[in-house]
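Peer 1: Residue strings, one per chain:
2 protein chains.
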Amino acid sequence: MLDVKNPAPALYRQIYEGIRRAILCGEFNHGMQLPATRLLAKQLGVSRMTVVNAYEQLLAEGYIEGKTGAGTYVAATLPEKMLRVDQDKSFQHGESAKQRNQILSRRGKWLASTSVSTLRVQADTDRYAFQNGLPALDEFPFKVWSQLASRRLRNPPRELLSYGDPAGYLPLRETIAAHLKSARAVHCDADQVIIVAGSQQALDLTARILLDPGDVAWVEDPCYPGAHNALLAAGAKVVPVSVDEEGFDLANALRQSKQARLVYVTPSHQFPLGVTMSLSRRLALLEWAERSGAFVIEDDYNSEYRYSGHPLASLQGLDKDGRVIYVGTFSKTIFPSLRLGCIVAPKDLTGAFIAARALVDRHSPSLDQAILADFINEGHFSRHLRRMRALYAERQQVLVEAAERDLQGLLEVAPAEAGMHLVGWLPERISDKAASAKAARYGVEGSPLSAYSTNPLPRGGLVLGYTAVNAREIKDGVRRLAQALS
Amino acid sequence: MLDVKNPAPALYRQIYEGIRRAILCGEFNHGMQLPATRLLAKQLGVSRMTVVNAYEQLLAEGYIEGKTGAGTYVAATLPEKMLRVDQDKSFQHGESAKQRNQILSRRGKWLASTSVSTLRVQADTDRYAFQNGLPALDEFPFKVWSQLASRRLRNPPRELLSYGDPAGYLPLRETIAAHLKSARAVHCDADQVIIVAGSQQALDLTARILLDPGDVAWVEDPCYPGAHNALLAAGAKVVPVSVDEEGFDLANALRQSKQARLVYVTPSHQFPLGVTMSLSRRLALLEWAERSGAFVIEDDYNSEYRYSGHPLASLQGLDKDGRVIYVGTFSKTIFPSLRLGCIVAPKDLTGAFIAARALVDRHSPSLDQAILADFINEGHFSRHLRRMRALYAERQQVLVEAAERDLQGLLEVAPAEAGMHLVGWLPERISDKAASAKAARYGVEGSPLSAYSTNPLPRGGLVLGYTAVNAREIKDGVRRLAQALS
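So the sequence lines, in the order shown, correspond to chains A and B.
Position in the first sequence (first residue = 1) + 234 = the numbering used here.
Position in the second sequence (first residue = 1) + 234 = the numbering used here.
One thing to keep in mind: the hints can contain errors.
Identical chains share a label here; the pair holds if one copy fits it or two copies do between them.
Taking lysine to any residue pairs in the SDA-like style, the calculated list, with each CA pair at most 25 Å apart, reads [claimed, not checked]: (1) Lys-492 to Asp-478; (2) Lys-415 to Leu-245; (3) Lys-554 to Arg-255; (4) Lys-554 to Phe-262; (5) Lys-672 to Leu-691; (6) Lys-667 to Glu-479; (7) Lys-554 to Arg-247; (8) Lys-581 to Met-283; (9) Lys-709 to Val-280; (10) Lys-343 to Arg-525; (11) Lys-377 to Asn-389; (12) Lys-672 to Arg-713; (13) Lys-667 to Ser-476; (14) Lys-343 to Val-450; (15) Lys-554 to Leu-258; (16) Lys-492 to Arg-282; (17) Lys-492 to Glu-480; (18) Lys-343 to Gly-585; (19) Lys-343 to Thr-584.
Treat the hints as calculated values from the structure; they're not laboratory data.
Generate coordinates for the entire structure from the input sequences, incorporating the hints supplied.
Peer 2: Right, here's the structure in full:
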């Protein structure tokens with residue numbers, strides 16, 4: 235019955251279904267006697283056992299009464315209303331969807347109404363210039379990954395199969411703690427590292443743990459929409475704070491609201507502008523957070539990709555009072571569909587994070603965590619990152635050079651020290667939304683900066699991802715962009 | 235720098251760290267001149283480039299000012315307060331944990347305070363009688379699973395690597411829709427099936443979408459704690475409704491509160507009592523839900539394991555008005571750490587579920603979903619279920635027989651037609667919590683029924699899982715249980 239390759243239901247099941255439907259639709263009235271099993275079997279040309287099985291099922295479920303053989307009757311005890319339904323309404327309530335939407339909770343309406351256009355992607359089957367936020371998927375060492383997976387899957391230990399630790403697989407947490415200490419100067423022990431299903435879950439958990447409806451949360455403006463939406467969905471009053479060339483500005487934030495419970499920043503490489511938050515701004519933000527008892531989310535989403543200069547240490551590493559919730563992701567370094575990331579929580583918040591994680595979905599898949607731990611521990615991760623850094627630096631250069639050649643006066647594309655995208659600045663008074671729509675008609679993606687902004691920007695721009703496409707595709711994309719914009 | 239196998243930081247990094255710390259601790263005052271790179275290199279016995287690199291990093295981060303070579307100084311623009319910290323407080327705020335807990339949101343306090351003892355398990359390394367809710371992990375066909383995984387991982391298509399559909403991998407949703415139609419008489423199209431990270435996420439999403447704080451939710455009493463806690467965490471007013479031999483009783487519920495927005499039931503096999511909800515109770519519940527605009531969660535957590543009689547069709551299959559949210563899990567049929575389950579949502583709620591899923595963590599890992607789809611489609615799932623049904627029936631019989639022999643007068647263990655555990659009923663007036671604690675001292679787990687109950691039960695009982703342990707372990711467990719209880 236469970237064989238899905240052969241979904242035709244068993245004969246007895248067909249008979250059962252037919253009678254059940256007849257009863258529910260009132261075609262068979264209650265009290266009505268059903269044909270004897272022998273007779274029905276003969277009529278239908280099936281074995282008597284098949285009919286007996288169908289009747290037994292109906293008996294077990296209470297549709298019919300009596301003993302097989304001694305006369306079976308449609309049960310009398312079913313609520314009248316259920317039996318007089320003329321037709322199956324199951325799939326006819328489409329028209330009431332709008333009305334039904336009223337039944338969502340306030341929270342549910344938040345969730346359903348926040349724009350998920352940037353999150354709710356359809357299955358992504360084609361690559362094209364200049365999709366943003368995607369690594370070079372075709373360059374990932376799947377042979378290695380597959381070998382590591384085979385080794386883990388051949389004879390996995392019980393601890394990787396049963397319910398696991400909601401904080402994550404301990405060896406992975408240790409590995410990540412060591413990595414973040416050395417690569418990002420993050421100050422942490424493994425017990426502060428909590429494995430999550432990507433950075434989006436980190437944002438959602440943080441918002442739920444720390445915010446009540448109406449609490450003020452500051453975000454950068456322009457801002458990563460996944461963060462903005464997670465805070466909105468938690469019912470927060472989200473206050474966008476314009477970013478300048480030094481990143482998030484506390485003084486600017488304080489002019490807009492005297493206080494906040496939570497701040498969302500991307501200090502290493504602001505999304506989408508790409509600026510780095512200056513040290514004095516960092517220290518001022520931390521000092522304010524300590525003084526006012528607020529928390530800061532540091533989304534360190536692609537700090538691994540730095541092409542020149544030294545990587546700046548994390549904001550978390552400067553934090554002396556446990557105010558920073560550090561968020562990392564493997565979506566940009568391994569591949570997005572793995573759905574693994576991490577939180578480094580202040581020590582006295584780890585308990586709340588772990589309890590929340592257990593309650594929302596228990597933990598991330600253990601075997602995936604173990605394979606990732608092996609991948610990092612055996613040196614494949616740093617090797618892959620080195621390769622990708624070289625490749626992405628090259629791709630960025632191709633983009634910059636092609637833009638210099640083909641986009642003069644149309645789009646100003648300056649190189650950047652880090653990241654996975656560049657901002658192409660449009661001439662003044664050109665709408666970036668219009669430019670983006672035009673580019674789309676030429677088969678080129680360039681998200682408009684204004685789509686990430688609440689306050690108007692001095693100048694429009696297009697976000698151009700260059701990591702997921704090769705040199706030829708970049709050059710071709712630039713040519714088509716030139717056609718679109720000229 | 236990213237090589238975690240070799241976590242000793244580079245030399246330049248050690249120098250950078252030392253100076254940075256000295257500046258932050260006020261040991262190096264602002265304006266102070268740093269030694270020339272050549273001099274410091276000589277003092278430390280390192281190459282000059284190493285020191286230059288360290289200084290450049292400090293310059294980039296704003297700790298020092300000036301040009302290498304032309305004299306470097308501790309920056310003057312750092313906020314005074316940050317520079318006069320005498321010691322690193324990072325890991326000294328343990329004592330303020332209680333006070334800090336005040337900073338959690340009301341929601342965060344719910345999350346942190348609901349008992350997660352049944353959810354927050356440590357890594358589970360040993361098996362023992364009579365753990366509940368675990369399949370026979372050692373009987374799972376890992377060789378097959380590993381082969382399917384290899385095939386998928388060797389050269390995965392882009393759509394399995396990039397961000398995926400938040401509703402889940404379409405071929406898996408189609409497979410599950412077909413399976414649930416034939417096996418559980420669930421009425422659905424693939425577009426109503428939403429893949430989730432286990433049933434816990436299904437419960438959390440449903441609570442968030444449909445409930446606001448203070449809304450009434452009915453649960454069975456006794457109840458699965460993961461459901462009870464998910465509803466509590468959503469701020470619901472949870473009303474436990476005592477279950478009798480026909481399952482959840484609407485009339486009983488209405489006596490306790492005139493209305494509810496959501497009802498949680500386990501109609502196929504009540505957790506933990508094991509009773510099946512009768513047809514008339516099912517129809518009455520659906521009729522009420524339709525009339526009052528409420529929704530019903532049907533948690534069909536282990537309906538696959540039925541040893542005698544025919545499996546009862548799902549509650550969802552009787553629903554004519556789109557009131558039932560059907561929840562299924564693969565934790566009991568594949569293995570728990572896979573973290574895959576599904577929701578079958580009423581058509582007009584699918585949009586809200588998908589938007590919510592995208593916002594809380596985007597989607598489940600795509601490759602895991604693809605491997606599971608292959609496992610089902612190629613017949614391995616039904617084969618494994620057939621084997622497990624036979625094995626578990628046998629193990630149940632071993633438990634019943636051993637109990638008859640060794641537990642006479644101590645614990646009454648009756649066979650059951652379905653499920654993964656039996657309830658052992660204690661003699662009247664014996665506390666099941668005391669009995670459970672005593673059993674634990676003899677190395678036997680038997681969760682007390684009262685731990686799942688809000689209202690007092692007429693008689694105490696122990697929940698005895700029999701699927702994860704073999705015949706020898708079951709017999710041994712029963713002997714030790716006899717010693718504990720006598």
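Peer 1: Indicate, hint by hint, whether the structure satisfies it.
Peer 2: Right, here's what the structure says about each hint:
1. Lys-492 to Asp-478: Answer is within: at 20 Å inside a copy they meet the 25 Å cutoff, but 56 Å across does not.
2. Lys-415 to Leu-245: The answer is between: 15 Å across copies meets 25 Å, while 64 Å in one copy does not.
3. Lys-554 to Arg-255: between (68 Å within a copy, 12 Å between copies)
4. Lys-554 to Phe-262: Intra 75 Å, inter 18 Å, cutoff 25 Å: inter-copy only.
5. Lys-672 to Leu-691: within (20 Å within a copy, 69 Å between copies)
6. Lys-667 to Glu-479: within (23 Å within a copy, 63 Å between copies)
7. Lys-554 to Arg-247: Classified as between: cross-chain Cα gap 20 Å, same-chain 67 Å, threshold 25 Å.
8. Lys-581 to Met-283: Neither. Shortest intra-copy (65 Å) and inter-copy (38 Å) distances fail the 25 Å Cα cut-off.
9. Lys-709 to Val-280: Neither, since 69 Å and 45 Å both go past 25 Å.
10. Lys-343 to Arg-525: This pair counts as between: shortest inter-copy Cα distance 22 Å, intra-copy 35 Å.
11. Lys-377 to Asn-389: Classified as both: same-chain Cα gap 20 Å, cross-chain 8 Å, threshold 25 Å.
12. Lys-672 to Arg-713: This pair counts as within: shortest intra-copy Cα distance 13 Å, inter-copy 77 Å.
13. Lys-667 to Ser-476: For Lys-667 and Ser-476, only the intra-copy Cα distance (19 Å) is at most 25 Å; the inter-copy one is 58 Å.
14. Lys-343 to Val-450: So Lys-343 and Val-450 pass the 25 Å test inside a copy (19 Å) and across (18 Å) alike.
15. Lys-554 to Leu-258: Answer is between: at 10 Å across copies they meet the 25 Å cutoff, but 67 Å inside does not.
16. Lys-492 to Arg-282: Cα proximity of Lys-492 and Arg-282: none, with 80 Å in one copy and 48 Å across.
17. Lys-492 to Glu-480: within (21 Å within a copy, 58 Å between copies)
18. Lys-343 to Gly-585: between (29 Å within a copy, 11 Å between copies)
19. Lys-343 to Thr-584: between (29 Å within a copy, 13 Å between copies)
Going down the numbered hints, you'll see the structure goes against 8, 9 and 16, while the others check out.
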